[in-house]
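**Student:** Chain by chain, the residues:
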Amino acid sequence: MRTRQTLLTLSTLLVFSAVMFAGTVNGKVTYTGTPAKPKPIDMSKEPSCAKQHATPITTESVVTGPDNALENVVVYVSSGAPDDGQVPPQAVTFDQKGCQYVPHVLVMHTDQELKIVNDDQTSHNIHPLSKVNVEWNKSQPPGTPPITTKYDKPEFISVKCNIHPWMHGEFAVLKTNHFDVSKGSGTFSLPNLPPGKYTLTAWQEDYGVQTADVTITGNETKEVNFTFKAKAY
Amino acid sequence: MNRLKPMRFIATAIVGAVFCATFATSVLAQAPDVPQVGPLQKLQVKHMESHIGNITGSSENAKTNYRRYCVGCHGDYGDGNGENAVWLDPKPRDFTIATFKCRSTLTGTLPTDEDLFNTIARGLTNSNMPIWNHLSKQERADLVAYIKIFSPRWDKEKAGTPITVPPEPPVTLESISHGEALFTKLECWKCHGPHGEGDGPSASTLTDSQNNPIRPYNFALGGNDSRFKCGSTNQDIYKIFMTGVDGTPMPSFADVIQPNDAWDLVHFLRTLQIHRKSKENDVLMAAHGVIPPYVDKTPAPAPAAPADNKSPGGGQ
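Each protein sequence line maps, in turn, to chains D and P.
Per my numbering, residue 1 is the first one in the first sequence, and the count goes up by one each step.
Per my numbering, residue 1001 is the first one in the second sequence, and the count goes up by one each step.
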């Protein structure tokens, strides 16, 4: 009985301290060198989409901001995260709008529900080119219900629509909820990290991955920055 | 002296030939019935089974036949990197990812044993995969089991449930024209072209999942013997677009087409095969005297000629 009480107290203390002494990792993702210029997309073959864009949109494989900031980089705790395997109950949504994927990079947990919506007046086919997970390819004409699915293995998956070859997005299927996608200013934030040693991974679809180790000792904020070498093509 | 030279040459040649023959015999004597080279010798064939009707295939029994018939293209490791692969387009199937084109099951699921069995028998039209129906049913069943040794998916997953194909309704003009409306609405023409000739606006951009260029199916090619990749019956066409052709740009329409609509689409697709005699084309001929896609293009009598006097692939 006493052992149980002690255990209970201890675990309560542990949980409490984890909440009390949660650290944060903030940082910025930048590039060096000269990245390829985004290419304008010609949607004239799909007028219903073309008219949704006042100015032609450009490719989104590499999106940069001021001061060499790199947007759309997935930064996540690749090892050491305490909540690996806790699948968020809510679904993530991947929208097809104006013959573009919104968001361009969608992060989800393994086994988290993924909802794919077609907001366009044209048929799309959703073809995620998974290699580790099972590959499938489905048609989604306008006005049809969302496609709901999930991925059971962590993987970065390129998504394309074969009907509209310019459409290109990315699924980042992770085993952690500690992730962020870098903003227009290149910044990211990973809050609520209990004390421990972590490996952070930053992934950019064209430039690959980078890792960094960080140790959180208490209620503190650490800074970790990532710099990718830009590819000129 | 000069005369001796040819003699000496012949003598050397004979000695050489005898040596070679001895060497070859000694090597061959050690070899099993079928020459086995490379990694397969070391490859322990995992036991896998296939069940087709009352036939049970087992992977061990297919080792020789795989070596003899399949390895040249599909490779020692079943990864589609056989020695002929570089010359082939489309590329040989990579069994290690267990993605298959011709299935009766939904997209993303494993095909049934029967699906693979039929594919081996049928071959894949417009590719280098020939017809293998000269192999016995048992041999083909064994090969189906053998294919499964290459991917762990066969251990973890069950084959998908085959889709149900409801009985085919009669071919009518309404059915065909409704099918045509679906062909437009579902944007099949974006790849397959307005007349199904594989020349839609996106056709030139298509790549398969290995990033190799791939052509959409051209319905208009071929005569009475024209086949689809996954079979030649109306039921087969129904399955192709409902299940999708996995590993290619062709998606599954199973979630978006109702069974009756699907049959209408099948009926319309048949009429795109303008040189093939079919009940669908007969209905159109009876109604219009011509097959509609060519009303504007061709003088009236030409397309009215029955398809059976045309050579396969022949134009007007």
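These aren't lab readings, by the way, just hints derived from the structure by calculation.
Check the hints yourself; a few may be wrong.
As the list claims (entries may be wrong) - In the DSSO-like style, the derived pairs of lysine-lysine whose C-alpha atoms are separated by at most 30 angstroms in a straight line are:
#	chain 1	residue 1	chain 2	residue 2
1	P	1279	D	131
2	P	1185	D	153
3	P	1063	D	51
4	P	1137	P	1185
5	P	1277	D	131
6	D	153	D	197
7	D	115	P	1156
8	D	175	P	1063
9	D	97	P	1185
10	D	222	D	150
11	D	197	D	115
12	P	1063	D	150
13	P	1137	D	153
14	P	1063	D	131
15	D	175	P	1091
16	D	97	D	197
17	P	1185	D	115
18	P	1158	P	1063
19	D	39	D	51
20	P	1063	D	45
As the list claims (entries may be wrong) - Looking from chain P toward chain D, a few residues come up when the C-beta cut is under 7 angstroms (computed):
#	residue
21	1071
22	1096
23	1099
24	1107
25	1190
26	1206
27	1210
28	1213
29	1249
30	1251
31	1252
Cβ coordinates follow ideal geometry from the N, Cα and C atoms, glycine included.
**Student:** Compare the structure with each hint and give your call.
**Tutor:** Comparing the hints with the structure gives:
Taken as a hint, the residue 1279 (chain P) and residue 131 (chain D) pair is broken in the structure, with Cα atoms around 42 angstroms apart against an allowance of 30 angstroms. With a C-alpha separation of about 35 angstroms, the suggested pairing of residue 1185 (chain P) with residue 153 (chain D) is violated against the 30 angstroms cut-off. A distance of roughly 58 angstroms separates the Cα atoms of residue 1063 (chain P) and residue 51 (chain D); the hinted pair therefore is violated under the 30 angstroms criterion. Using a Cα cut-off of 30 angstroms, the hinted pair residue 1137 (chain P) and residue 1185 (chain P) is violated, with the two alpha carbons roughly 42 angstroms apart.
With a CA separation close to 42 angstroms, the supplied pair residue 1277 (chain P) and residue 131 (chain D) exceeds the 30 angstroms bound. At most 30 angstroms may separate the alpha-carbon atoms for a hinted pair to count; residue 153 (chain D) and residue 197 (chain D) meet this at roughly 24 angstroms. For the proposed pair residue 115 (chain D) and residue 1156 (chain P), the alpha carbon gap of about 25 angstroms is at most 30 angstroms, so the pair holds. A threshold of 30 angstroms between alpha carbons decides the hint, and for residue 175 (chain D) with residue 1063 (chain P) the separation of about 40 angstroms lies outside it, so the pair is violated.
With a CA separation close to 18 angstroms, the supplied pair residue 97 (chain D) and residue 1185 (chain P) stays within the 30 angstroms bound. About 33 angstroms separates the Cα atoms of residue 222 (chain D) and residue 150 (chain D), which puts this hinted pair outside 30 angstroms; it is violated. For the hint linking residue 197 (chain D) to residue 115 (chain D), the alpha-carbon distance of about 34 angstroms lies beyond 30 angstroms, and the restraint is violated. Taking the CA atoms of residue 1063 (chain P) and residue 150 (chain D), the gap is near 37 angstroms; set against the 30 angstroms cutoff, the hint is violated.
Taken as a hint, the residue 1137 (chain P) and residue 153 (chain D) pair is broken in the structure, with Cα atoms around 37 angstroms apart against an allowance of 30 angstroms. The suggested pairing of residue 1063 (chain P) with residue 131 (chain D) holds, with an alpha-carbon distance near 27 angstroms, which does not exceed 30 angstroms. A threshold of 30 angstroms between alpha carbons decides the hint, and for residue 175 (chain D) with residue 1091 (chain P) the separation of about 34 angstroms lies outside it, so the pair is violated. Restraint check for residue 97 (chain D) and residue 197 (chain D): not satisfied, since their Cα atoms lie roughly 41 angstroms apart, outside the 30 angstroms limit.
A distance of roughly 23 angstroms separates the Cα atoms of residue 1185 (chain P) and residue 115 (chain D); the hinted pair therefore holds under the 30 angstroms criterion. Pair hint residue 1158 (chain P) plus residue 1063 (chain P) holds up; C-alpha atoms about 23 angstroms apart against a cutoff of 30 angstroms. In summary, the hint linking residue 39 (chain D) to residue 51 (chain D) is supported, as the alpha carbons are separated by about 18 angstroms, within the 30 angstroms threshold. As the CA atoms of residue 1063 (chain P) and residue 45 (chain D) are separated by approximately 50 angstroms, the hinted pair breaks the 30 angstroms bound.
At a threshold of 7 angstroms, the smallest CB-CB gap from residue 1071 (chain P) to chain D is about 24 angstroms, leaving the interface hint violated. The restraint placing residue 1096 (chain P) at the interface with chain D is violated, with a minimum CB-CB distance near 11 angstroms, outside the 7 angstroms limit. Given hint, residue 1099 (chain P) at the interface with chain D, holds; its Cβ is 6 angstroms from that chain's nearest Cβ, closer than 7 angstroms. Using the Cβ-Cβ criterion of 7 angstroms, the hint placing residue 1107 (chain P) at the interface with chain D is satisfied: the shortest such distance is roughly 4 angstroms.
Interface hint at residue 1190 (chain P): satisfied, since its Cβ lies 5 angstroms from the closest Cβ of chain D, which is below the 7 angstroms cut-off. Nearest Cβ of chain D to the Cβ of residue 1206 (chain P): about 6 angstroms, under the 7 angstroms cut. The hint holds. Interface restraint check for residue 1210 (chain P): the shortest CB-CB distance to chain D comes to about 9 angstroms, outside 7 angstroms, so the restraint is violated. Violation of the interface hint for residue 1213 (chain P) is found here, the shortest Cβ-Cβ separation to chain D being roughly 12 angstroms, above the 7 angstroms cut-off.
Hint status for residue 1249 (chain P): holds, given a least beta-carbon distance of 3 angstroms to chain D, under 7 angstroms. Residue-level restraint check for residue 1251 (chain P) holds (minimum Cβ-Cβ distance to chain D is 4 angstroms; threshold 7 angstroms). With 7 angstroms as the threshold, the beta carbon of residue 1252 (chain P) comes within range of chain D, its nearest partner Cβ sitting at about 5 angstroms, so the hint holds.
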